[in-house]
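*Asks:* Sequence:
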Amino acid sequence: MPQLDTSTWFITILSMIVTLFFMFQLKVSKYNFPENPEPKLVAASKPTTPWEKKWTKIYFPHSLPLQ
0 MPQLDTSTWF ITILSMIVTL FFMFQLKVSK YNFPENPEPK LVAASKPTTP
50 WEKKWTKIYF PHSLPLQ
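Here numbering that gives the first Met the number 0 is used: position 15 in the sequence shown is 14, and no number is missing along the way.
To be clear, the hints were calculated from the coordinates, so they are not data collected in a lab. Where a beta carbon is used, it is the ideal one built from N, C-alpha and C, also for glycine. Possibly wrong hints are sitting among the right ones.
What the hints assert, rightly or not - Simulated restraints on C-beta separations:
1. 3 to 37: 53 to 61 Å
2. 19 to 39: 34 to 42 Å
3. 9 to 36: 41 to 49 Å
Please construct the entire structure, taking both the sequences and the accompanying hints into account.
*Replies:* In structure tokens form, the structure reads like this:
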């Protein structure tokens, strides 16, 4: 049974990686990225809820007197 010749694997894998790197660089270079991105100012409006206008008290069960 003949042995598998692996002498060319290194140069094949290395050339494939280099080719994929260049192809990726060419793909990425076609995109237009913003040069100076600025955050958008969004007016934060506070929603009005009916329970904010009333006084409410929340009772903690452990703070109630013993019965």
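*Asks:* If a hint holds in the structure, say so; if it doesn't, say that too.
*Replies:* Against the structure, the hints come out as follows:
Against the hinted window of 53 to 61 Å, the Cβ-Cβ separation of residue 3 and residue 37 comes to about 58 Å, which satisfies the hint. About 36 Å separates the C-beta atoms of residue 19 and residue 39, a value consistent with the hinted range of 34 to 42 Å. Under the hint 41 to 49 Å, the C-beta atoms of residue 9 and residue 36, about 42 Å apart, fit the expected range.
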